[in-house]
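The listed protein sequences derive, respectively, from chains A and X. If you read the first sequence in my numbering, its first letter stands for residue 1, the second for the next number, and so on. If you read the second sequence in my numbering, its first letter stands for residue 282, the second for the next number, and so on.
Since the hints were derived computationally from the structure, they do not count as laboratory data. None of these values were measured; they are calculated from a predicted model. Idealized CB from N, CA, C, for every residue including glycine. Errors might be hidden in some of the hints.
To be verified - Negatives, chain A to chain X, calculated, CB over 10 Å:
1) R32
2) E56
3) P186
4) Y206
5) K213
6) W220
7) D226
8) G231
9) A251
Said to hold, decoys possible - Quick list of the computed label-pair ranges, beta carbon to beta carbon:
10) T457(X) / G52(A): 36 to 44 Å
11) A334(X) / N173(A): 16 to 24 Å
12) K247(A) / L448(X): 34 to 42 Å
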Amino acid sequence: MEIIDARQTNAEEHGDAAAYLLGALDAAARARFEAHAAECVECLREMGELQGATDELALSVPTFAPPAYVRQRLLTRAHMTMAVSPAPSERRHLMVDGSSRPLPPPAVELRKEAWWMGAQRYSGALAAVSLVVAMASGAYAFTSQRQLDDVAQRAEYASAQLSDTLQIVYQPNMVARTLSGMDAAPQATGKVVLAPDRNKAVVIAYSLPPLEKDESYQCWLTQMDDKRFDGGMFKTDEKGRAYWVLKTPEAMARYRWMSVTKEKGKGGSAPAGPRILGGQL
Amino acid sequence: MLAGNGSSAEEGLDDDALVRRLVQQDVRALDTLYARYSRAVFSLALKILGDRAVVEEVVQEVFLRLWTRAHSFDPQRGKLLSWLLTITHHRAVDEVRRRRAQPQIDGLDEQLASKEEPASDPSETYAQIENREEIQRALGLLPIAQSKPIQMAYYGGMTQVEISNTLKEPLGTIKTRMRLGMQKLRVLLEREPTEAGWK
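Assemble the whole structure, with the sequences as input and the hints as a guide.
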């Protein structure tokens, strides 16, 4: 015998199962009904009975296939979330043609606890912001290819960089990637802070080898179809540090690898010098 | 009909097996489920919102939510398709209500008013058309006083209070009609249709 609690049946929300399933309750009424239904056998049963009819309403509309690019965007975004999630025993990269290949081991292993994931994700961003703030205050002797001698110009440039940086790090879907030192500079390291759906990223690098007068570093991005993009040239400060806001023609999700090489003169359209830094995006 | 290129190995797996693979971060499982259900999700959102660009974003959000919260899906509590359609409906209705709550933006009212019923898709299968017509017939058998509030709520994103005000009927009356209408719809759809109608 089923005992029905009179307090439940007298509640204002009792009998709102149909309205709930149809989405006809506002947020407050929805929350009240959910609290009520958690303890009301009758309402729970009615919800189970009417769920099928609700599904049929959904399936009774004219059907259309979404455009093909929606699938690709989804898979790209899903792939981006994988680097900040616990690494499964086997991760695979889904190619645009539907095939898949094994992914190389992640550059950074992340633990499962949410607070640790948050700390890992934001450490690169915090480093970027602190470096930008210090730069803006004049603490670093950062120089760009353009050799900014004018103080006002430098301040304006730093302010613009700070603004760009904050825009990136405050994105809710912001992620951080690690750049590792290559054979020519094993001690070098770096971080890339990006939002996959934006065409900007903040890049910071540490412990880069000193440059000769006619040398610069050049940044490269490789897309999933192996096309390469020239990310620009930069120099370091006296401590081997560099920071820049990278702007790309397409969303960052389109790029799978970043590298830095040491180049002579004004660099070139393809890497010619030794690889200094590299990492998966 | 599949909308994407789900892996052939995964296509033979049922939804529960694919969800377990999602928990293991298997993107191929996501691709297969997308191929299986994106059409239904897209179509429902398009019916409610009418704006293709927004609908495309909703579709991605729904499947990303499945991707990131696969561990919270409990097959004991219902089918995956129900879960997806419920999330889609909530998301679409929230968007409709958000737009209604915004101050009037130039041209927005006109844009909403001009939301047209999209032309039929030639890739729709005969089975899909037939199923849709069956549900429409069942809705047609409901008294208009019951089917109207149901459609205003489900496809129009209106709350009971808004429907009550629009139809100038007491709130309690609208609640009752919705409830009775859905119960009758359930019975109609469970019956076997005949050439003349329902048994």
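Outcome of the hint check:
| no. | hint | verdict |
| --- | --- | --- |
| 1 | R32 | 13 Å, holds |
| 2 | E56 | 5 Å, violated |
| 3 | P186 | 31 Å, holds |
| 4 | Y206 | 31 Å, holds |
| 5 | K213 | 48 Å, holds |
| 6 | W220 | 26 Å, holds |
| 7 | D226 | 20 Å, holds |
| 8 | G231 | 27 Å, holds |
| 9 | A251 | 13 Å, holds |
| 10 | T457(X) / G52(A): 36 to 44 Å | 21 Å, violated |
| 11 | A334(X) / N173(A): 16 to 24 Å | 19 Å, holds |
| 12 | K247(A) / L448(X): 34 to 42 Å | 54 Å, violated |
Comparing the model with each earlier hint shows violations of hints 2, 10, 12; every other hint is respected.
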